[in-house]
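**Q** Residue numbers (my numbering), protein chains in the order written: chain A, 15 to 143; chain H, 215 to 577.
No wet-lab data here; the hints were simulated from the structure. The reader is advised that the hints may include incorrect statements.
As the list claims (entries may be wrong) - As a list, the in silico PhoX-like pairs of lysine-lysine whose alpha-carbon atoms are at most 20 Å apart:
#1 H/Lys382 <-> H/Lys372
#2 A/Lys79 <-> H/Lys556
#3 H/Lys372 <-> A/Lys79
What the hints assert, rightly or not - Beta-carbon label-pair distances, calculated as ranges:
#4 A/Gly89 <-> H/Gly454: 38 to 48 Å
#5 H/Asp430 <-> A/Ala133: 34 to 44 Å
#6 H/Glu551 <-> A/Asp83: 16 to 26 Å
#7 A/Gly125 <-> H/Gly572: 51 to 61 Å
Ideal Cβ positions, reconstructed from N, Cα and C, are used throughout, including at glycine.
Chain residues, written in single-letter form:
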Amino acid sequence: MSNIPSELRYAASHEWVRPEGDGTYTVGISEHAQELLGDMVFVEVPDVGDTVAAGDDVAVAESVKAASDVYAPIGGEVVAVNEELEDSPELVNSDPYGDGWLFRIKADDDGEFNELLDAEAYENSIDEE
Amino acid sequence: MSTTPSKTVLHPKHLEAGAKMVDFHGWEMPINYGSQIEEHHAVRRDAGMFDVSHMTIVDIKGPQAKAYLRYLLANDVDKLKVKGKALYSGMLNEQGGVVDDLICYYFADDDYRLVVNSATREKDINWLNKVAEGFDMQIIEQSDLAMIAVQGPNAKEKAATLFSDEQKAAVEGMKPFFGVFSGDLFIATTGYTGEAGYEIMVPAGDAGAFWQKLLDAGVQPCGLGARDTLRLEAGMNLYGQDMDENISPLAANMGWTISWLPEEREFMGRTAVEEYNRSGKEKLVGLVMEEKGVLRTGQKIKVEGGDGVITSGSFSPTLGHSIAMARVPTPVGASAEVEMRKKWVTVKVVKPSFVRNGKKVEH
Chain A
15 MSNIPSELRY AASHEWVRPE GDGTYTVGIS EHAQELLGDM VFVEVPDVGD TVAAGDDVAV
75 AESVKAASDV YAPIGGEVVA VNEELEDSPE LVNSDPYGDG WLFRIKADDD GEFNELLDAE
135 AYENSIDEE
Chain H
215 MSTTPSKTVL HPKHLEAGAK MVDFHGWEMP INYGSQIEEH HAVRRDAGMF DVSHMTIVDI
275 KGPQAKAYLR YLLANDVDKL KVKGKALYSG MLNEQGGVVD DLICYYFADD DYRLVVNSAT
335 REKDINWLNK VAEGFDMQII EQSDLAMIAV QGPNAKEKAA TLFSDEQKAA VEGMKPFFGV
395 FSGDLFIATT GYTGEAGYEI MVPAGDAGAF WQKLLDAGVQ PCGLGARDTL RLEAGMNLYG
455 QDMDENISPL AANMGWTISW LPEEREFMGR TAVEEYNRSG KEKLVGLVME EKGVLRTGQK
515 IKVEGGDGVI TSGSFSPTLG HSIAMARVPT PVGASAEVEM RKKWVTVKVV KPSFVRNGKK
575 VEH
């Protein structure tokens, strides 16, 4: 079973979200998602300043196996992106919840975060796949 | 089709090493042991090993073994004069399509060994038997052998630490594409990676211990994922993707494996492949895309001559960008257009060979 930290929230499309306590939220893809995709070779992140809505495809995680869209789990403004991924896409594999983060969003509506899946609900959604 | 996948004798070793297992044409095989890119680099820079025990080993023996193989194969086993020498060939059907590709080892005019693909085992055995009608020879499947490919610049040296003195002497100075029986092993200087190394056949009962010793000698276990990117970089075809029963070897970069001479040699599919040689329109080319993104198997492409298809596309870990092989109608210019995620991208057309002995092939 892959690691699903209980302090994060998740989208059914395998993104995780971590509140930073200042109205911004860090987003990445789950350990389960990176396991499904295999070794990352390119990660395209959005531009800082982009305005995104929940459910928009905003990034691409491309592995040896497939290219996968990454969706914004919540709406808002992109305030930071992980520039390390340009040269080291494998961080998504080696540390999906840490150095392999993708982007950070300043939320329009903090309520959207609370609608996301908790760890248990996300685990159940994986089991149903 | 059986619903329970077959397992090679090395299956427990794969699980022990933490392999991620997948169903590969009815065989439960390792796709990787963690990172297929690291495994790929191990083969290009040091030494890696692959369990290829799922491949089918068939001995052809008898008075008409040579005559049979000269009829079965598009390449000509008459070229094989030195004991142990190997030949790569396709075997074709009457329509000139590729039933399978294989390696044929020569020991004597009445004694050969074939290694054919696993995915096509049943079809191949049926075909070998069908073509054998009227020839005085036997087809003997060797299902009690495991096979381990040890590949990379340090592969031979590391594998040799497992050899007896007799085996070391047997492989001393052996050129590429040869095989030799020594002790309980059959050791061949063949492979599917574009690196030096061996493919070693070992009695199934000894395979687990042999694998463990290679592991202890510092050889990295590698899965099917790395095997695919390595062979693609080396420009080697994968049966079922780059060619199949409906594809001429001439449309699959296998023209060099057809022995047209002597003209009087009849071989299965000769008439059809001669006709294709006169009027055929397709060929296999290499593609290089240096910007971000990965060319994928099955994608449509456009060249001067019309629409073609990517038969094998992936990321090249050695080169750091995407490469592919594509079957396209002639004429083909210096570039092609590929539809990538809703937009058309221009890629370079090259010969289908990208990396050899760890180095980029300059086009």
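**Q** Compare the structure with each hint and give your call.
**A** Hints versus structure:
no. : hint                              : result
1   : H/Lys382 <-> H/Lys372             : holds (12 Å)
2   : A/Lys79 <-> H/Lys556              : holds (19 Å)
3   : H/Lys372 <-> A/Lys79              : violated (31 Å)
4   : A/Gly89 <-> H/Gly454: 38 to 48 Å  : holds (45 Å)
5   : H/Asp430 <-> A/Ala133: 34 to 44 Å : holds (40 Å)
6   : H/Glu551 <-> A/Asp83: 16 to 26 Å  : holds (23 Å)
7   : A/Gly125 <-> H/Gly572: 51 to 61 Å : holds (55 Å)
Figure legend: structure checked against the earlier numbered hints; the only hint not met is number 3.
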